[in-house]
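Participant: Protein chains in written order, with our numbering: chain A, 1 to 310; chain B, 1 to 310.
No lab work stands behind these hints, which were simulated from the structure alone. There could be a bad hint or two in this list.
Stated by the list, open to error - Taking lysine-lysine and the DSSO-like style, the derived pairs with C-alpha atoms no more than 30 Å apart in a straight line are: (1) Lys85(A) <-> Lys118(A); (2) Lys20(B) <-> Lys304(A); (3) Lys304(A) <-> Lys156(B); (4) Lys135(B) <-> Lys85(B); (5) Lys304(B) <-> Lys190(A); (6) Lys85(A) <-> Lys190(A); (7) Lys135(B) <-> Lys190(A); (8) Lys85(A) <-> Lys190(B); (9) Lys20(A) <-> Lys190(B); (10) Lys20(A) <-> Lys78(A); (11) Lys190(B) <-> Lys190(A); (12) Lys85(B) <-> Lys118(B); (13) Lys135(A) <-> Lys85(A); (14) Lys118(B) <-> Lys135(B); (15) Lys135(A) <-> Lys118(A); (16) Lys20(B) <-> Lys78(B).
Claimed, not checked - A short list of chain A residues far from chain B (calculated; beta carbon distances all over 12 Å): (17) Pro2; (18) Pro41; (19) Arg62; (20) Thr110; (21) Val129; (22) Lys135; (23) Thr154; (24) Asp167; (25) Gly208; (26) Ala218; (27) Thr225; (28) Gln267; (29) Thr273; (30) Thr305; (31) Val307.
As the list claims (entries may be wrong) - Part of the chain B face toward chain A, derived, beta carbon under 10 Å: (32) Thr92; (33) Leu160; (34) Gln174; (35) Leu193; (36) Glu206; (37) Arg214; (38) Lys304.
Nothing here was measured: the structure is a model prediction, and the numbers come from that model. C-beta atoms are modelled at their ideal positions from N, C-alpha and C, and glycine is treated no differently.
Number of protein chains: 2
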Amino acid sequence: MPLIVTGTIGIDTIETPFGKADQVLGGSCTYFAAAASFFAPVRMVAAVGGDFDDHTRSTLARFPNVCVVGLETRSDSKTFAWGGKYLNNWNTRETIFTELGVLAEAPPLTPEEYRDSKYVFLANSHPSVQLDLLKGFPDRAIAVADTMDLWIDTAKTELLALLAEVDGVVLNDQEAAQLTGHQNPLTAGKAILELGPTFAVIKKGEHGCLLVHRDGMAALPAYPTETVNDPTGAGDSFGGGMMGHIARTHSAEHFGSEPVTFNMIRQGLAFGTIIASFTVEAFSLERLAALTESELMGRLEEFKTMVALD
Amino acid sequence: MPLIVTGTIGIDTIETPFGKADQVLGGSCTYFAAAASFFAPVRMVAAVGGDFDDHTRSTLARFPNVCVVGLETRSDSKTFAWGGKYLNNWNTRETIFTELGVLAEAPPLTPEEYRDSKYVFLANSHPSVQLDLLKGFPDRAIAVADTMDLWIDTAKTELLALLAEVDGVVLNDQEAAQLTGHQNPLTAGKAILELGPTFAVIKKGEHGCLLVHRDGMAALPAYPTETVNDPTGAGDSFGGGMMGHIARTHSAEHFGSEPVTFNMIRQGLAFGTIIASFTVEAFSLERLAALTESELMGRLEEFKTMVALD
């Protein structure tokens with residue numbers, strides 16, 4: 001059940017109302033892979049610079065289900081670095097600085113041994129880079145892309161070309177509105193399906209998520225939590241939990257030969273929700289690195305009880 | 001299974017991005033009773049003025065399960081009137097005018113024949129009025145109160161006295177934050193339980209609801225809809241659906257002799273969610289007045305499928 005992800009690996013400097021973390025491991029690819037690795041083996045395609053030190057690398061190594069063969073180290077370059085600050089209202093995030101580093105260079109290459117990957121996740125990066133990687137997997141079972149406001153603004157043509165090729169897209173409510181011109185998440189979701197994808201997952205942060213699929217709809221609240229110390233990576237972790245569940249279930253139930261069903265994606269939303277609820281409890285990957293299988297399954301069961309209707 | 005509600009009856013003048021309605025039936029008691037009446041007979045205790053004309057009265061009569069014996073008409077007074085405007089962002093509502101009318105006078109009296117009511121809902125009005133009505137029902141199975149920012153600001157002592165007496169409270173996320181000083185809805189909900197109630201339902205509008213109960217928690221998304229023409233009364237309808245379900249289920253399952261359970265309230269959230277999703281489709285009570293049992297049950301089943309997890 002090989003799951004592959006491309007996206008950014010970053011060195012984050014983060015300030016929240018509850019503390020500060022200097023130069024910690026972050027990035028869309030990282031959060032996705034760490035989260036997905038609880039459910040399925042994950043292959044990373046990403047690049048870092050010579051400044052990606054052993055200490056930071058050791059954080060990645062705490063996720064044994066993440067394969068780093070596709071992690072390119074470019075000794076003369078610098079790792080992507082991002083500084084951000086969250087205001088008291090968690091929904092407002094200020095970018096303090098962005099140093100593109102390796103992201104301004106050629107995208108990383110996919111190792112030959114990754115070619116049999118069936119589940120492809122294109123974590124947030126330039127849509128042309130996402131589309132290039134996607135072309136290397138003509139026999140995939142499913143491809144899902146994330147994106148961000150920057151690309152909707154600056155690379156819409158490339159983004160639309162990407163959307164015509166993927167099965168699904170995962171984005172937040174503001175991005176969905178920006179992409180489609182519709183504030184209503186359901187209307188926005190339907191408009192995204194017109195652009196090509198079979199489904200759109202609209203993430204609403206603390207307010208949960210909505211799945212608009214050609215075969216139906218699903219909606220879930222977020223897991224109600226009082227412990228939010230750093231929301232960075234919540235959305236990427238959500239994608240990881242969802243795709244990890246899809247990869248595991250699809251390979252087990254159909255040996256990968258049938259299409260991924262609406263129900264697999266729908267159930268995946270719960271796995272994404274729960275893993276994201278752990279991510280936000282601590283800075284960087286700390287909570288996920290310490291997370292046990294029984295904590296994860298315990299909270300998932302608790303969540304199922306919370307939303308259960310007779 | 002007699003359910004009783006006190007609160008306001010209003011003549012509303014409403015403007016939304018989708019239209020305008022002049023002098024239509026509204027008020028917390030009205031929306032609650034209309035919504036609850038799909039599940040249980042409802043008794044109204046409220047007052048109107050001499051200007052409450054036959055046309056407006058005939059809208060109420062479209063809900064045959066609503067008993068209006070407790071509706072006092074004061075020919076020399078005026079009905080409470082409210083004018084409001086919703087901005088493009090549905091969450092922002094401007095009050096254009098408020099004419100208290102009968103609300104500035106003595107509260108309506110509870111008819112003797114209503115004394116055997118077992119399920120008491122105190123829709124939004126002054127907490128002293130709510131508490132006075134409540135005292136008339138010492139043998140109730142459950143009492144639940146709604147409130148608003150105005151009373152938290154201007155009548156907090158009276159509101160706290162009320163909260164010490166009720167089993168549950170229904171309020172929106174902003175009101176919960178204002179009452180407790182906690183922005184996090186879960187923290188706010190727990191703080192409300194410290195004030196006396198066994199449970200708090202925190203309504204989040206388009207983002208669903210959260211139930212914090214001494215016996216557990218529950219959370220539901222809103223029903224995803226593209227049809228929002230007038231959000232007035234959504235919260236009161238939610239309360240009506242919830243209490244109507246509780247009244248029906250509790251009287252059927254325990255003949256009213258056992259306490260109302262966490263699960264009854266939890267399931268009630270779904271009924272509140274669905275009935276509110278119809279309310280917002282049209283101005284005033286129009287959609288509820290036209291609503292059929294099969295439409296209601298159809299959407300409820302659809303909603304259950306949307307949130308169902310394996």
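Participant: Now tell me, hint by hint, if it's right for this structure.
Facilitator: Evaluated hints:
no.	hint	result
1	Lys85(A) <-> Lys118(A)	37 Å, violated
2	Lys20(B) <-> Lys304(A)	41 Å, violated
3	Lys304(A) <-> Lys156(B)	37 Å, violated
4	Lys135(B) <-> Lys85(B)	36 Å, violated
5	Lys304(B) <-> Lys190(A)	21 Å, holds
6	Lys85(A) <-> Lys190(A)	33 Å, violated
7	Lys135(B) <-> Lys190(A)	51 Å, violated
8	Lys85(A) <-> Lys190(B)	29 Å, holds
9	Lys20(A) <-> Lys190(B)	28 Å, holds
10	Lys20(A) <-> Lys78(A)	22 Å, holds
11	Lys190(B) <-> Lys190(A)	38 Å, violated
12	Lys85(B) <-> Lys118(B)	37 Å, violated
13	Lys135(A) <-> Lys85(A)	36 Å, violated
14	Lys118(B) <-> Lys135(B)	13 Å, holds
15	Lys135(A) <-> Lys118(A)	13 Å, holds
16	Lys20(B) <-> Lys78(B)	22 Å, holds
17	Pro2	24 Å, holds
18	Pro41	23 Å, holds
19	Arg62	29 Å, holds
20	Thr110	34 Å, holds
21	Val129	32 Å, holds
22	Lys135	34 Å, holds
23	Thr154	26 Å, holds
24	Asp167	20 Å, holds
25	Gly208	5 Å, violated
26	Ala218	5 Å, violated
27	Thr225	7 Å, violated
28	Gln267	6 Å, violated
29	Thr273	10 Å, violated
30	Thr305	7 Å, violated
31	Val307	5 Å, violated
32	Thr92	13 Å, violated
33	Leu160	23 Å, violated
34	Gln174	13 Å, violated
35	Leu193	14 Å, violated
36	Glu206	8 Å, holds
37	Arg214	15 Å, violated
38	Lys304	5 Å, holds
In summary, the numbered hints that this structure violates are 1, 2, 3, 4, 6, 7, 11, 12, 13, 25, 26, 27, 28, 29, 30, 31, 32, 33, 34, 35, 37.
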